[in-house]
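K.L.:
Here are the chains, one letter per residue:
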Amino acid sequence: MAAPPSTATPLLKDELDIVIPTIRNLDFLEMWRPFFQPYHLIIVQDGDPSKTIKVPDGFDYELYNRNDINKILGPKASCISFKDSACRCFGYMVSKKKYIFTIDDDCFVAKDPSGKQINALEQHIKNLLSPSTPFFFNTLYDPFREGADYVRGYPFSLREGVPTAVSHGLWLNIPDYDAPTQLVKPLERNTRFVDAVLTIPKGTLFPMCGMNLAFDRDLIGPAMYFGLMGDGQPIGRYDDMWAGWCVKVTCDHLGLGVKTGLPYIWHSKASNPFVNLKKEYNGIFWQEEIIPFFQSVSLPKDCTTVQKCYVELAKLVKEKLGKVDPYFVKLGDAMVTWIEAWDELNPAGGSAKRPNGTA
Amino acid sequence: MSQTNIGDDEVDIVIGALHADLTSFLNEWRPLFSRFHLIIVKDPDLKEELKIPEGFNLHVYTKSDIDRVVGLSSTAINFSGYSCRYFGYLVSRKKYIFSVDDDCIPAKDNKGLSVDAVDQHITNLATPATPFFFNTLYDPFCKGADFVRGYPFSLRSGVTCALSCGLWLNLADHDAPTQALKPGHRNSRYVDAVLTVPAGALMPVSGVNIAFNRELAGPALFPGLRLAAEGKLRWETVEDIWCGLCVKVICDHLGHGVKTGLPYVWRNDRGNAIESLKKEWEGVKLMEEVVPFFQSVRLSQAAVTTEDCMLEIVALVKERLAALDPVFARAAQAMADWIKLWKAVGSGSGSGSSPSNG
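Just so you know, the protein sequences line up as chains A and B, in that order. So for the first sequence, our numbering puts the first residue at 949; every next one is plus one. So for the second sequence, our numbering puts the first residue at 1435; every next one is plus one.
Read the hints as simulated data drawn from the structure, not as lab findings. The structure displayed is predicted, hence computed values, not measured ones. Each residue gets a CB set at the ideal place from its N, CA and C atoms; glycine is no exception. Where hints are given, some of them may not hold.
[Stated by the list, open to error] List time: in silico DMTMM-like cross-link candidates among lysine to aspartate or glutamate, alpha-carbon distance up to 20 Å:
hint, chain 1, residue 1, chain 2, residue 2
1, B, K1577, A, D1143
2, B, K1777, B, E1649
3, A, K1263, A, D1291
4, B, K1577, A, E1136
5, B, K1616, A, E1108
6, A, K1226, A, E1236
7, B, K1545, A, D1054
8, B, K1497, B, D1771
[Said to hold, decoys possible] Residues from chain A that keep clear of chain B, each with C-beta distances beyond 10 Å, as calculated:
hint, residue
9, P958
10, D996
11, D1005
12, D1008
13, G1178
14, D1179
15, L1293
[What the hints assert, rightly or not] Among chain A residues calculated to face chain B with C-beta under 7 Å, some are:
hint, residue
16, F1084
17, G1095
18, Y1102
19, D1124
20, V1142
21, I1148
22, M1189
All chains, full assembly: derive it from the sequences and hints.
P.N.:
Shown next as structure tokens:
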């Protein structure tokens, strides 16, 4: 059965870190202040480390620039991207909290159709704290939301659901389109507020956008590597996509859930489509090989932790995608380096095991 | 593939009449129905004469028509109750069908505007479905939406949508135990989205508000699973859940799509969930076997039409479910008879004008 009538959503202020990659400034935090101030921030400063990023007063934070990343990880720092927001995953690695919420510095508070400001963080927490339902699709969407429930025909044995590992939020205003679509439709804005949260079914892949994303670090953290992008790499703007495919395959294998839908944030900045096209160019072609690869991946039964799944994935990436381009061999190696670094920084408590009793 | 144009003359609206007096129902739907051809099938158990208001282009089928067409060809097929509408699917000669329960009326959207459910279903069927990769902005063919970053380009043309499943405001289609526990619970959330149910994912299809491509889904939409105490309230049936699972498994195999979401209809309050629960809980119990069964169905490469796929499912039902409960053995027989009947009476459409789009 679905959840009982709502009680206040827990703040989780000591259990959740907000990870923000930035290269410019953090002015956008002023708008989020009422919602973010109780939380600890992890700022990952990309680009020139000699530049000082001013954090608005009153926030509790730690900030890492490239020098810090190199110092902390030593040679393993090679797995963290430079000149790309993919560097944010360093923040996931150094966090000591159970939950992560990550948001881009050009994302603001959105309003719902009634004009009320949306507390995105609260909705993500609701999503993560209630089960997912990946084994059978509920046509009324998330049955654990207030005012919803399972529909006729939904087997009772599947109604307990599974733990939710990821909450993928959406964006109003500037939609997250690829460069070709941006070039064809530069003026399109997403104005449709879809009042739904839903679980992405097991076996289904999706394009995970890192702009407005929350996850349970204990359950899936080690799989949230955002890959090798940006400076010195043949590809960009596929960091979150790569993480999303690895995460979904791992979640499907371990019996964890991924939700998408609410909350919305307001995406204010349209990036330059010509710059984007250069970054995405290889990705557009490689994707055609990458997707069938992930769709056909089968992880062995003895991969019972996220790290084991991920190391196995890294092996398969090198084996199967290495023929597409040598980049994937480098990426596979970086994936292993990432896990090594993760385990070094997160001894004992870091590994996520298969939850008991899941299908 | 591009958007198909669906003409009004390619659509039949099929209504199963479980109530004799259809006056207020049809008058409520008149602005949306009047330009289409209607097929009304009277529940063979209904004794009174049907009351139908003037001004519609329609055909009415009753028990005598059903007996005449089905004749002695099957003792297993039963068109009474909610199953009566499927007779309408059988005799229709159109390419597309919209069906809604006779206790539903048009809904209003979030802005208070009346929802044209027929038009939305037609749009859903006319635009491609995208079952192979999930689009986070939902239906990319909707105005104001598109495929998001990361969506493979080779998958953007989509596939034909075979089934469009709509939703309900007010009395949602929950089962009896769920509704009985929350008797005051009504669905007031209007979710402004259509999405494709991904390939490999199964779902419970509610027959309350659906539309489909008759050529692709018709042979599979058959209420094979009749409960022992099958009743005249949705809480007392699972026939639509059963055939919806058949359709989804077959669509996944043949590469067609199933959409869910808009349009909404307004479902009137009717019946008492607790009474239904006392009378009929078998459906809830059977789902525990039915869902794992369909999740495990694998169709062969040789099954290239919906009819072929149905026959393979019949064989699997006989092999794996029949021993668990006689209701499954009867379902298998009824489904096999239905395919024969469909081949004899049902296949082909009369709308010559547009060739069927692949």
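K.L.:
Confirm or reject each hint.
P.N.:
For each hint, the structure was consulted:
1. B:K1577 with A:D1143: Holds, because 18 Å separates the two Cα atoms, which is no more than 20 Å.
2. B:K1777 with B:E1649: holds (12 Å)
3. A:K1263 with A:D1291: holds (18 Å)
4. B:K1577 with A:E1136: holds (10 Å)
5. B:K1616 with A:E1108: Holds, at roughly 18 Å.
6. A:K1226 with A:E1236: Since the Cα atoms of K1226 of chain A and E1236 of chain A sit roughly 17 Å apart, the hinted pair holds (cutoff 20 Å).
7. B:K1545 with A:D1054: violated (30 Å)
8. B:K1497 with B:D1771: Holds, because 18 Å separates the two Cα atoms, which is no more than 20 Å.
9. P958: It holds; P958 of chain A is separated from chain B by about 24 Å at its closest Cβ, greater than 10 Å.
10. D996: holds (27 Å)
11. D1005: holds (35 Å)
12. D1008: holds (32 Å)
13. G1178: holds (16 Å)
14. D1179: Non-interface label stands for D1179 of chain A: nearest chain B Cβ at 20 Å, farther than 10 Å.
15. L1293: Since the minimum Cβ distance to chain B is about 29 Å, L1293 of chain A lies beyond 10 Å and the statement holds.
16. F1084: holds (6 Å)
17. G1095: OK, holds: G1095 of chain A within 7 Å of chain B, min 6 Å.
18. Y1102: Given a least distance of 6 Å, the restraint on Y1102 of chain A holds.
19. D1124: Result: holds, 5 Å to nearest chain B Cβ.
20. V1142: With a closest approach of 4 Å, the V1142 of chain A hint holds.
21. I1148: holds (6 Å)
22. M1189: M1189 of chain A check passes; min Cβ-Cβ to chain B is 4 Å, inside 7 Å.
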